[in-house]
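Each chain, letter by letter, is given below.
There are 2 protein chains.
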Amino acid sequence: MTDLLSHPASASAQKHDSTPVRRANMLRDAIAQEIATGTIQPGEHLDEVAMARRFGVSRTPIREALMQLGTMGLVEMRPHRGAFVKRIGIAELVEMIEVMAELEGMCARLAARRMSAAEIDALEQIHLDCATAAENGDPDAYYYENERFHRALYAGCHNGFLTEEAGRLHERTKVYRRLQLRVRGRVENSFSEHEAVVEAIRAGKPELAEKAARDHVLIQGERFNDFVASLEK
Amino acid sequence: MTDLLSHPASASAQKHDSTPVRRANMLRDAIAQEIATGTIQPGEHLDEVAMARRFGVSRTPIREALMQLGTMGLVEMRPHRGAFVKRIGIAELVEMIEVMAELEGMCARLAARRMSAAEIDALEQIHLDCATAAENGDPDAYYYENERFHRALYAGCHNGFLTEEAGRLHERTKVYRRLQLRVRGRVENSFSEHEAVVEAIRAGKPELAEKAARDHVLIQGERFNDFVASLEK
DNA sequence: TCAAGGAATATTGTATACAATCTTCATGAC
DNA sequence: GTCATGAAGATTGTATACAATATTCCTTGA
Numbered sequence: 001m002t003d004l005l006s007h008p009a010s011a012s013a014q015k016h017d018s019t020p021v022r023r024a025n026m027l028r029d030a031i032a033q034e035i036a037t038g039t040i041q042p043g044e045h046l047d048e049v050a051m052a053r054r055f056g057v058s059r060t061p062i063r064e065a066l067m068q069l070g071t072m073g074l075v076e077m078r079p080h081r082g083a084f085v086k087r088i089g090i091a092e093l094v095e096m097i098e099v100m101a102e103l104e105g106m107c108a109r110l111a112a113r114r115m116s117a118a119e120i121d122a123l124e125q126i127h128l129d130c131a132t133a134a135e136n137g138d139p140d141a142y143y144y145e146n147e148r149f150h151r152a153l154y155a156g157c158h159n160g161f162l163t164e165e166a167g168r169l170h171e172r173t174k175v176y177r178r179l180q181l182r183v184r185g186r187v188e189n190s191f192s193e194h195e196a197v198v199e200a201i202r203a204g205k206p207e208l209a210e211k212a213a214r215d216h217v218l219i220q221g222e223r224f225n226d227f228v229a230s231l232e233k
Numbered sequence: 001m002t003d004l005l006s007h008p009a010s011a012s013a014q015k016h017d018s019t020p021v022r023r024a025n026m027l028r029d030a031i032a033q034e035i036a037t038g039t040i041q042p043g044e045h046l047d048e049v050a051m052a053r054r055f056g057v058s059r060t061p062i063r064e065a066l067m068q069l070g071t072m073g074l075v076e077m078r079p080h081r082g083a084f085v086k087r088i089g090i091a092e093l094v095e096m097i098e099v100m101a102e103l104e105g106m107c108a109r110l111a112a113r114r115m116s117a118a119e120i121d122a123l124e125q126i127h128l129d130c131a132t133a134a135e136n137g138d139p140d141a142y143y144y145e146n147e148r149f150h151r152a153l154y155a156g157c158h159n160g161f162l163t164e165e166a167g168r169l170h171e172r173t174k175v176y177r178r179l180q181l182r183v184r185g186r187v188e189n190s191f192s193e194h195e196a197v198v199e200a201i202r203a204g205k206p207e208l209a210e211k212a213a214r215d216h217v218l219i220q221g222e223r224f225n226d227f228v229a230s231l232e233k
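Residue numbers (my numbering), protein chains in the order written: chain A, 1 to 233; chain B, 1 to 233.
Derived by calculation from the structure, the hints in this document are not laboratory data.
The C-beta atom is built at its ideal place from N, Cα and C for all residues, glycine as well.
Among the hints, a few may not be true.
[Unchecked claim] Restraint-style ranges between C-beta atoms, simulated for each label pair:
id, chain 1, residue 1, chain 2, residue 2, range
1, A, Val49, B, Arg78, 28 to 34 Å
2, A, Glu147, B, Phe224, 52 to 58 Å
3, A, Glu195, B, Arg184, 50 to 56 Å
4, A, Gly43, B, Arg87, 38 to 44 Å
5, B, Gln33, A, Pro42, 54 to 60 Å
6, B, Asp47, A, Val21, 20 to 26 Å
7, A, Ser116, B, Val94, 47 to 53 Å
[To be verified] Restricting the straight-line Cα-Cα distance to at most 27 Å, the calculated cross-link-like pairs of lysine-lysine (BS3-like) are:
id, chain 1, residue 1, chain 2, residue 2
8, A, Lys205, B, Lys174
9, B, Lys174, B, Lys211
10, A, Lys211, A, Lys174
11, A, Lys205, B, Lys86
12, B, Lys211, A, Lys211
13, B, Lys174, B, Lys86
14, A, Lys211, B, Lys205
15, A, Lys86, A, Lys174
[To be verified] Which residues of chain B face chain A? A few of them, derived with a C-beta cut under 10 Å, are:
id, residue
16, Glu76
17, Asn136
18, Asn159
19, Gly160
Please model the complete structure; the sequences and the hints are all you need to start from.
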């Protein structure tokens, strides 16, 4: 990790990729990853000096990375006090999920109208990969395939802006999505909910797909209680 | 403007407001304003050195402001080439509007369920203010009241996260919204579309409100052609 | 022992310097 | 006149220094 950041892509590699890499952007992604995996905890203070030392860079790209993470909403920038990993309370989480459900529902609705046959095949293949992971009873493996499933769904709406926005919101709720999958029985239910989404898309039924995707994301009733309980562990 | 930025709020003023002001944040807002009002044009390069000179600060807060604007999507950061005001092509604009319509529809649906009587009264009052502005035949005045109307609608959904997201997307499309109101007849139509939204909310009909708000935002048919034509002026 | 005040230290915000990369300009060859 | 090459100048990315603000620690007095 630290080695990666000390040596941004060389000039030749940049030319090959045609997208030069800035150290600040790599730091942004690395920090976002640590937040998503729980290495850095909600509420934690991100000390510029300590992080600069840790990543082997000056404070400047750290600050620039934190600035981006602040604007993205992953991190809360408090003037003169620094950056703190955003702690999302239950109330706000509910709000975010409500919006996330709407956008994922929209993705599914548009996907049912716009996905190509090849894309639907690919979505189904990912769905099968989810089945394999679910059978292995490994929430982390399922989480990984689940992420692939959702990304394919977002891409399938054929609205690049929506794909991007859904992905961004997805990124912000990653920690809690991971937690959710650790609740007993959730993997099985998640998988069968994906099934309903896939079937509706395959059948070209936008409203059905929208409802299936929305219900999949929303946390209601007992699922909500289980989920809240899981937050306290 | 420059004077404002050279003297961030003093310590006593900060304590009074309980939100200290960073120069970088003021720059971010000032630049965003200039983009929204067309002072800075889409595609324009934002030269750090020139802007630092213009605002009477060092490059550092300019860079931090641009970093935020880049993450917000108002500005495109190209590594080693700098910041360019995002130029939104027709295709992307259509995508953004499609998403915007969904979110505003959601706001209206939730508002029809969650707005208090006082809030509905306030919305109606703003609607009346829109009428006054429309009668004066001044698109800029109507634009201002129109902005108030939409903000009240976003707040009325009682989902803080959605309010924020809708506001953010609204900010990104501000330029084009302003342009749209200059199309002949658009002010009158906009106003009557608001009317439909307000009535549905007053009547407590979520699905009707959602449809009215969504249709209001979406640009379809002849309205689309007129709008595209207005982009070329 | 506890609270208040001041000093020391730490952290954040900004300015400046240096390094890296890009763009423009000038010159020479064909 | 066109094209290629190299130098000069401009701009961006990062490091370092300085200033401003916040936090912690220590001392003193009640």
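Results for each hint:
1. A:Val49 with B:Arg78: 28 to 34 Å: 30 Å, holds
2. A:Glu147 with B:Phe224: 52 to 58 Å: At roughly 36 Å between Cβ atoms, Phe224 of chain B and Glu147 of chain A fall outside 52 to 58 Å, so the hint is violated.
3. A:Glu195 with B:Arg184: 50 to 56 Å: 51 Å, holds
4. A:Gly43 with B:Arg87: 38 to 44 Å: 39 Å, holds
5. B:Gln33 with A:Pro42: 54 to 60 Å: 33 Å, violated
6. B:Asp47 with A:Val21: 20 to 26 Å: 23 Å, holds
7. A:Ser116 with B:Val94: 47 to 53 Å: 20 Å, violated
8. A:Lys205 with B:Lys174: Distance ~34 Å between Lys205 of chain A and Lys174 of chain B Cα, so the pair is violated.
9. B:Lys174 with B:Lys211: 22 Å, holds
10. A:Lys211 with A:Lys174: 22 Å, holds
11. A:Lys205 with B:Lys86: Given that 27 Å is the threshold and the Cα spacing comes to 36 Å, the pair is violated.
12. B:Lys211 with A:Lys211: Answer holds: Lys211 of chain B to Lys211 of chain A is near 17 Å, not above 27 Å.
13. B:Lys174 with B:Lys86: Holds - the C-alpha atoms of Lys86 of chain B and Lys174 of chain B are around 13 Å apart, at most 27 Å.
14. A:Lys211 with B:Lys205: 20 Å, holds
15. A:Lys86 with A:Lys174: 13 Å, holds
16. Glu76: Violated, about 13 Å.
17. Asn136: Asn136 of chain B check fails; min Cβ-Cβ to chain A is 35 Å, beyond 10 Å.
18. Asn159: Status holds, d = 5 Å.
19. Gly160: 6 Å, holds
Taken one by one, the earlier hints fail for this structure at numbers 2, 5, 7, 8, 11, 16, 17, listed in ascending order.
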